[in-house]
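Protein sequences, first through last, are from chains A and B. Going left to right, the first sequence walks through residues 80 to 192 as this note's numbering numbers them. Going left to right, the second sequence walks through residues 84 to 160 as this note's numbering numbers them.
FYI, nobody ran anything at the bench for these hints, they're computed from the structure. All of these numbers come straight from a predicted model, not from anything done at the bench. Don't take every hint at face value.
What the hints assert, rightly or not - Listed below are several chain A residues computed to face chain B (Cβ distance under 7 Å; list not exhaustive): (1) Thr154; (2) Gly162; (3) Gly166; (4) Asp169; (5) Val189.
Stated by the list, open to error - Sample of chain A residues lacking proximity to chain B, with all beta carbon distances greater than 10 Å (derived): (6) Gln113; (7) Pro130; (8) Asp151; (9) Glu173; (10) Ala181.
C-beta: ideal position from N, C-alpha, C; glycine also.
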Amino acid sequence: MDDAMTDDGMARISSLLAGNDVLLFMKGTPLFPQCGFSSRAVAILERVGVPYESVDVLQDQGIRQGIKTYSDWPTIPQLYVKGEFVGGSDIMLEMYESGELAQLMVDKGVAAG
Amino acid sequence: MAMTADEIAAMIRAGIPGAEVEITDLAGDGNHYAARVVSETFRGVSRVRQHQAVYAALGGHMGDTLHALQLTTAVPD
Numbered sequence: 080m081d082d083a084m085t086d087d088g089m090a091r092i093s094s095l096l097a098g099n100d101v102l103l104f105m106k107g108t109p110l111f112p113q114c115g116f117s118s119r120a121v122a123i124l125e126r127v128g129v130p131y132e133s134v135d136v137l138q139d140q141g142i143r144q145g146i147k148t149y150s151d152w153p154t155i156p157q158l159y160v161k162g163e164f165v166g167g168s169d170i171m172l173e174m175y176e177s178g179e180l181a182q183l184m185v186d187k188g189v190a191a192g
Numbered sequence: 084m085a086m087t088a089d090e091i092a093a094m095i096r097a098g099i100p101g102a103e104v105e106i107t108d109l110a111g112d113g114n115h116y117a118a119r120v121v122s123e124t125f126r127g128v129s130r131v132r133q134h135q136a137v138y139a140a141l142g143g144h145m146g147d148t149l150h151a152l153q154l155t156t157a158v159p160d
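Taking the hints into account, I'd like the entire structure generated from these sequences.
Here it is, written out as structure tokens:
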């Protein structure tokens with residue numbers, strides 16, 4: 080493990096990112112999102128039809144703060160594909176509408192079917 | 084403490100000189116805004132970096148006093 084990753088939240092973030100190809104850090108769960116932006120992010124991933132996992136940051140303060148530092152991004156939700164930060168819900172929406180998000184999933188080899 | 088549309092626009096313009104900034108109060112409650120920021124400095128820069136530049140201009144407000152800001156960035160035509 081990297082020396083800079085000694086903090087518990089950071090360590091959990093690293094291991095989550097390593098273990099999940101498409102990972103959404105959100106408030107609440109896909110079934111019960113606790114924020115409009117997280118709800119929108121879930122809807123976009125459902126439309127793209129890609130298998131994904133989610134992390135409810137409201138259940139884990141270490142991750143909630145840590146993920147903002149990790150990506151230098153001040154808000155939740157945050158989408159990661161193959162460990163790489165893609166963006167928040169505004170960027171997800173733009174990329175969905177332009178077809179870039181679906182293409183990214185294909186390029187990264189994580190698209191369904 | 085909520086921020087006004089003018090405060091948001093002023094901070095973005097101060098942080099990104101020459102940027103064209105349009106703020107819309109989405110719910111009329113002074114708490115849910117949309118911002119469209121157009122800047123020549125965004126040319127050739129990834130969307131993530133463009134948004135990070137706007138967030139940097141807003142200092143620590145984004146995700147704190149400013150919860151709901153829908154952000155669109157673009158380069159001038």
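Violated hints - listed by number, lowest first: Those not satisfied are hints 2, 5, 8, 9.
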